[in-house]
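Participant: Chain by chain, the residues:
There are 2 protein chains.
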Amino acid sequence: MPVQLAPTPDHVPLPTGFRAGGLHCGLKKNQQFDLGLLLADEPVPAAAIYTQNQLVGAHIAVCREHLAKGGGLVRAVLVNARNANCATGQQGIEDARMCCRELAQRLGCPTEQVLMASTGPIGAPLPKDRIITHLDELLARASRDGAMDFARAIMTTDTYPKALYAAGAAHSATGFCKGSGMIHPNMATMLGFLLTDGRIADAAATEALLRRVADRSFHRVTVDGDTSPNDTLFLLASAKGKADGLEATVTDLGQQLARMLAADGEGATRLCTIEVRGARSEAEATHVGRVIATSPLVKTAVAGRDPNWGRILSAAGRAGVAFPAEKARVWVGAADVYSGGKPHPENEPQAHRHLADDTLIVLGVDLAVGDAAADVWTCDFTRDYVQINADYRS
Amino acid sequence: MPVQLAPTPDHVPLPTGFRAGGLHCGLKKNQQFDLGLLLADEPVPAAAIYTQNQLVGAHIAVCREHLAKGGGLVRAVLVNARNANCATGQQGIEDARMCCRELAQRLGCPTEQVLMASTGPIGAPLPKDRIITHLDELLARASRDGAMDFARAIMTTDTYPKALYAAGAAHSATGFCKGSGMIHPNMATMLGFLLTDGRIADAAATEALLRRVADRSFHRVTVDGDTSPNDTLFLLASAKGKADGLEATVTDLGQQLARMLAADGEGATRLCTIEVRGARSEAEATHVGRVIATSPLVKTAVAGRDPNWGRILSAAGRAGVAFPAEKARVWVGAADVYSGGKPHPENEPQAHRHLADDTLIVLGVDLAVGDAAADVWTCDFTRDYVQINADYRS
Numbered sequence: 451m452p453v454q455l456a457p458t459p460d461h462v463p464l465p466t467g468f469r470a471g472g473l474h475c476g477l478k479k480n481q482q483f484d485l486g487l488l489l490a491d492e493p494v495p496a497a498a499i500y501t502q503n504q505l506v507g508a509h510i511a512v513c514r515e516h517l518a519k520g521g522g523l524v525r526a527v528l529v530n531a532r533n534a535n536c537a538t539g540q541q542g543i544e545d546a547r548m549c550c551r552e553l554a555q556r557l558g559c560p561t562e563q564v565l566m567a568s569t570g571p572i573g574a575p576l577p578k579d580r581i582i583t584h585l586d587e588l589l590a591r592a593s594r595d596g597a598m599d600f601a602r603a604i605m606t607t608d609t610y611p612k613a614l615y616a617a618g619a620a621h622s623a624t625g626f627c628k629g630s631g632m633i634h635p636n637m638a639t640m641l642g643f644l645l646t647d648g649r650i651a652d653a654a655a656t657e658a659l660l661r662r663v664a665d666r667s668f669h670r671v672t673v674d675g676d677t678s679p680n681d682t683l684f685l686l687a688s689a690k691g692k693a694d695g696l697e698a699t700v701t702d703l704g705q706q707l708a709r710m711l712a713a714d715g716e717g718a719t720r721l722c723t724i725e726v727r728g729a730r731s732e733a734e735a736t737h738v739g740r741v742i743a744t745s746p747l748v749k750t751a752v753a754g755r756d757p758n759w760g761r762i763l764s765a766a767g768r769a770g771v772a773f774p775a776e777k778a779r780v781w782v783g784a785a786d787v788y789s790g791g792k793p794h795p796e797n798e799p800q801a802h803r804h805l806a807d808d809t810l811i812v813l814g815v816d817l818a819v820g821d822a823a824a825d826v827w828t829c830d831f832t833r834d835y836v837q838i839n840a841d842y843r844s
Numbered sequence: 451m452p453v454q455l456a457p458t459p460d461h462v463p464l465p466t467g468f469r470a471g472g473l474h475c476g477l478k479k480n481q482q483f484d485l486g487l488l489l490a491d492e493p494v495p496a497a498a499i500y501t502q503n504q505l506v507g508a509h510i511a512v513c514r515e516h517l518a519k520g521g522g523l524v525r526a527v528l529v530n531a532r533n534a535n536c537a538t539g540q541q542g543i544e545d546a547r548m549c550c551r552e553l554a555q556r557l558g559c560p561t562e563q564v565l566m567a568s569t570g571p572i573g574a575p576l577p578k579d580r581i582i583t584h585l586d587e588l589l590a591r592a593s594r595d596g597a598m599d600f601a602r603a604i605m606t607t608d609t610y611p612k613a614l615y616a617a618g619a620a621h622s623a624t625g626f627c628k629g630s631g632m633i634h635p636n637m638a639t640m641l642g643f644l645l646t647d648g649r650i651a652d653a654a655a656t657e658a659l660l661r662r663v664a665d666r667s668f669h670r671v672t673v674d675g676d677t678s679p680n681d682t683l684f685l686l687a688s689a690k691g692k693a694d695g696l697e698a699t700v701t702d703l704g705q706q707l708a709r710m711l712a713a714d715g716e717g718a719t720r721l722c723t724i725e726v727r728g729a730r731s732e733a734e735a736t737h738v739g740r741v742i743a744t745s746p747l748v749k750t751a752v753a754g755r756d757p758n759w760g761r762i763l764s765a766a767g768r769a770g771v772a773f774p775a776e777k778a779r780v781w782v783g784a785a786d787v788y789s790g791g792k793p794h795p796e797n798e799p800q801a802h803r804h805l806a807d808d809t810l811i812v813l814g815v816d817l818a819v820g821d822a823a824a825d826v827w828t829c830d831f832t833r834d835y836v837q838i839n840a841d842y843r844s
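Residue numbers (the numbering used here), protein chains in the order written: chain C, 451 to 844; chain A, 451 to 844.
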């Protein structure tokens with residue numbers, strides 16, 4: 451059973467100035483939505499950050515090109531699922547450009563004000579005709595009420611659509627993402643979209659904000675340590691509100707979305723928050739958290755409901771960060787399972803109950819070398835993960 | 451079914467000057483051997499390399515101390531399974547020292563000429579009394595014919611004992627190891643022992659040789675990317691023969707043992723050789739190979755018999771090594787599945803047959819940026835791996 455942090459809402463609002471929509475254009479089976487659109491009423495400052503993989507999907511080249519040419523002003527983001535348009539050579543780039551151009555013509559804006567993102571299996575040509583022939587209908591459907599249609603259209607192996615709305619005093623933000631394997635720092639088969647009516651000075655400030663937000667949200671989640679060639683996170687700001695507190699609102703939204711990604715990791719039955727404390731720096735704490743969060747031994751222990759402090763401490767110990775193991779502390783939920791250089795088997799029943807009874811798991815380690823802290827999110831590693839990935843051609 | 455590269459031999463010879471033995475002292479169930487001994491007829495040059503984990507087993511502190519104090523001369527290595535003597539504090543170190551001292555007294559040698567290694571679950575005190583009360587019997591059993599008894603005594607979750615003999619023109623060597631999870635570069639729950647009658651100048655030369663051998667053998671194998679606090683590799687040279695070709699003999703022996711570790715990885719059904727070609731340096735090739743070899747997506751694809759070139763190329767692409775994806779080449783067995791910037795689905799049936807029918811699998815990638823190459827060994831990632839590690843308290 452996947453972990454769902456809250457029931458899927460019937461409706462998620464959009465910030466002022468945005469519309470969204472989705473439909474079935476013929477890429478997925480069973481009439482499931484597979485083409486989505488985010489639409490700004492007028493060109494708005496936007497930014498994107500991309501996978502660090504050497505292999506990149508065609509949409510990334512096109513997004514880079516369009517954002518540079520358009521000075522970071524964007525009217526629309528077109529998204530298709532079930533085809534990554536990756537390892538498709540120059541033809542793939544031309545196909546993505548053509549989809550953007552066709553949409554821009556219908557919007558009456560320059561081609562560079564349209565971005566695109568693709569997700570799904572790699573290596574097959576983009577069925578661009580199916581996409582283009584559905585653009586008129588997609589535009590007609592885009593509305594203030596279309597957030598959940600968009601969220602459904604971008605799903606691949608996700609078990610539920612991921613959309614959240616957050617309102618601050620002077621602005622609001624809506625975020626979308628899709629997972630659910632290959633989720634890892636520096637992006638993964640992860641598409642994320644953050645829309646806000648908060649005020650951001652320009653495209654450069656939008657990108658700077660997006661990088662800070664990602665460092666504390668999407669870059670702190672991992673399902674299996676693998677990344678994908680297509681991972682992209684977008685931020686669009688319609689600039690109608692005030693900027694006070696905007697970064698906090700968007701960071702919190704990003705963190706909630708990141709937790710949803712881990713919670714819906716392939717085969718997951720537990721959402722794990724790895725709490726690293728007592729590090730020399732936040733970057734060091736984050737690094738140690740990532741190593742623990744990618745350890746198959748830690749993740750299979752959670753799947754087995756085993757409060758295995760040894761695996762947690764050992765994973766921290768191979769992160770390349772010096773710390774005195776005899777002063778470190780390890781906890782599982784509220785139970786102290788290792789401290790003072792030795793385990794506390796008397797607390798393990800409590801730790802076991804946490805793993806067995808709760809779906810939101812906390813695994814913590816204090817390195818005892820400083821005051822910095824970071825949380826990293828992951829999920830347990832189950833037989834179902836193997837089954838899903840042995841059988842699925844990604 | 452684990453992969454066994456050759457039938458377990460009834461007998462493995464030992465190089466001149468060495469004896470070996472094993473017995474049941476009461477740590478494992480069912481009278482299985484759990485205490486092993488390697489014995490040199492006289493003190494011989496020896497070296498050891500250890501886990502890079504911040505958490506280290508007590509035996510490592512004692513080995514470092516004894517090798518330093520004794521100038522690298524060693525008479526015996528005592529090994530127990532089913533207890534790692536790790537996270538046992540100062541008492542653990544004193545327990546390991548006492549075991550060495552008791553054995554040294556019986557051998558009539560200085561305590562520092564005895565080394566020890568422990569493997570098994572961590573956090574429990576070493577049952578040193580059971581070990582010490584069996585030392586006389588262990589010494590009595592140690593013989594020129596005891597190699598397989600020793601190999602059995604060091605097993606933990608291994609499904610078969612791992613011992614190999616290699617003879618060069620002027621020297622011979624026997625190697626032992628035990629796995630089988632947490633196997634990764636920079637050592638893992640891995641104990642390895644290399645004995646040779648080849649001539650090595652002194653302990654410093656022994657250590658230098660051991661590091662070169664490990665870099666091309668045990669440091670190129672991974673089961674799950676995790677390392678353990680107890681990993682240690684020993685080399686003892688009885689110095690009765692000539693040194694010509696010794697490094698090649700011992701390197702080959704180490705590589706064969708490393709392949710056995712991967713082949714007997716927890717839940718493994720395939721031994722995978724990751725061939726990295728066209729890199730700028732051997733170190734770069736090894737690094738890319740390790741990233742591919744630890745990718746859960748690559749390893750589950752092999753478990754699913756899916757020649758998934760996209761996952762192989764994508765794993766290489768996140769290794770932090772720049773290469774042009776459009777010039778790279780990926781192969782599975784003899785089948786070219788990606789080159790010239792695009793996949794070759796017409797060759798996938800041949801690649802699938804290789805994965806389905808063979809147990810010794812080749813996955814290759816040419817980065818097209820240089821002439822350097824390296825092979826890395828791993829296994830597939832199956833539902834059984836998860837089952838074993840969800841249920842086993844390591």
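It is worth saying that the hints were derived from the structure and are not from the lab. Take the hints with a grain of salt, since some may be wrong.
A pair holds if it fits inside one copy or across any two, identical chains being indistinguishable in the list.
Unchecked claim - Pairs of lysine to any residue, SDA-like flavour, derived with a Cα cap of 25 Å:
hint, residue 1, residue 2
1, Lys792, Leu589
2, Lys792, Pro575
3, Lys777, Arg469
4, Lys692, Thr609
5, Lys692, Ala620
6, Lys519, His804
7, Lys792, Cys559
8, Lys692, Asp834
9, Lys519, Val462
Participant: Now look at each hint and say whether the structure bears it out.
Facilitator: Each hint, compared with the structure:
{"no.": "1", "hint": "Lys792 - Leu589", "result": "neither (63 Å within a copy, 33 Å between copies)"}
{"no.": "2", "hint": "Lys792 - Pro575", "result": "between (57 Å within a copy, 10 Å between copies)"}
{"no.": "3", "hint": "Lys777 - Arg469", "result": "neither (54 Å within a copy, 41 Å between copies)"}
{"no.": "4", "hint": "Lys692 - Thr609", "result": "neither (36 Å within a copy, 65 Å between copies)"}
{"no.": "5", "hint": "Lys692 - Ala620", "result": "within (6 Å within a copy, 82 Å between copies)"}
{"no.": "6", "hint": "Lys519 - His804", "result": "neither (53 Å within a copy, 47 Å between copies)"}
{"no.": "7", "hint": "Lys792 - Cys559", "result": "neither (66 Å within a copy, 33 Å between copies)"}
{"no.": "8", "hint": "Lys692 - Asp834", "result": "neither (46 Å within a copy, 54 Å between copies)"}
{"no.": "9", "hint": "Lys519 - Val462", "result": "neither (32 Å within a copy, 70 Å between copies)"}
Consistency note: the structure conflicts with the earlier hints numbered 1, 3, 4, 6, 7, 8 and 9.
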